[in-house]
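Colleague: Please work from the sequences and hints to get the whole structure.
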Amino acid sequence: MLTDRYLDSSVAYQGVGRALRAQDVRDISMFAVEGLLPDLTILLDLEASAAAERRSNTGEAPDRLEQEKIEFFEAVRQAYLDMAAAEPNRWLVIDARESVDEMQAKIRNRVAELLGA
1 MLTDRYLDSS
11 VAYQGVGRAL
21 RAQDVRDISM
31 FAVEGLLPDL
41 TILLDLEASA
51 AAERRSNTGE
61 APDRLEQEKI
71 EFFEAVRQAY
81 LDMAAAEPNR
91 WLVIDARESV
101 DEMQAKIRNR
111 VAELLGA
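Here the UniProt record's numbering is used: the first residue of the sequence shown is 1, the next is one more, and so on.
Each hint should be verified, as a subset may be incorrect.
Cβ-Cβ distance ranges computed for the label pairs, FRET-style [as the list claims (entries may be wrong)]:
# : residue 1 : residue 2 : range
1 : Ala105    : Leu20     : 12 to 22 Å
2 : Val100    : Pro38     : 14 to 24 Å
3 : Gln23     : Glu68     : 33 to 43 Å
4 : Gly116    : Glu60     : 40 to 50 Å
5 : Val111    : Gly59     : 32 to 42 Å
None of these hints come from the bench; they were simulated from the model.
Keep in mind the model is a prediction, meaning the values are calculated, not measured.
Ideal placement from N, C-alpha and C gives every residue a C-beta, glycine not left out.
Modeller: See below:
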C-alpha cells in the first residue's frame, strides 16, 4: 500500500510546527494505528526557502498552511530529518534538487531492496 502522508507528518506538523510535544503526538498516533508503521518512508528534502520559491512559481494562491512563516517550515523540515536520522532503515531521504530521473532511480532501488529483488 502507498500513502501520501501518515503519522510522521502529524508528528512534524502538529508536534513541532505547532509547538505541541512531538512525542505526545507520536504516542497518540501510534495508539490510533495500533503500532503500524510503514516499511519505507520517502522524504523529498528541500530547504524551506527553496520550497517556498518553487511554490511561488506555480502561479496558484497559497493555501492557509502555505501562508505560514519560513521558520515554521524550517522547524517542520528539521523534524522530518530528525525522524529519518532516528530510524534510518525506515526512511529514504532524497535531495529534492536532484532530477526526477535521479530521484526515481533511488526510490526504485530502495523498493527493490525491500522486495528482495
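Colleague: State for each hint whether it applies.
Modeller: Cross-check of the supplied hints:
Between Ala105 and Leu20 the C-beta distance comes to about 37 Å, which lies outside the given range of 12 to 22 Å. A hinted range of 14 to 24 Å holds for the C-beta pair Val100 and Pro38, which are about 22 Å apart. Against the hinted window of 33 to 43 Å, the Cβ-Cβ separation of Gln23 and Glu68 comes to about 22 Å, which falls outside the hint. Between Gly116 and Glu60 the C-beta distance comes to about 41 Å, which sits within the given range of 40 to 50 Å.
Look at Val111 against Gly59: about 33 Å separates their beta carbons, and that is inside 32 to 42 Å.
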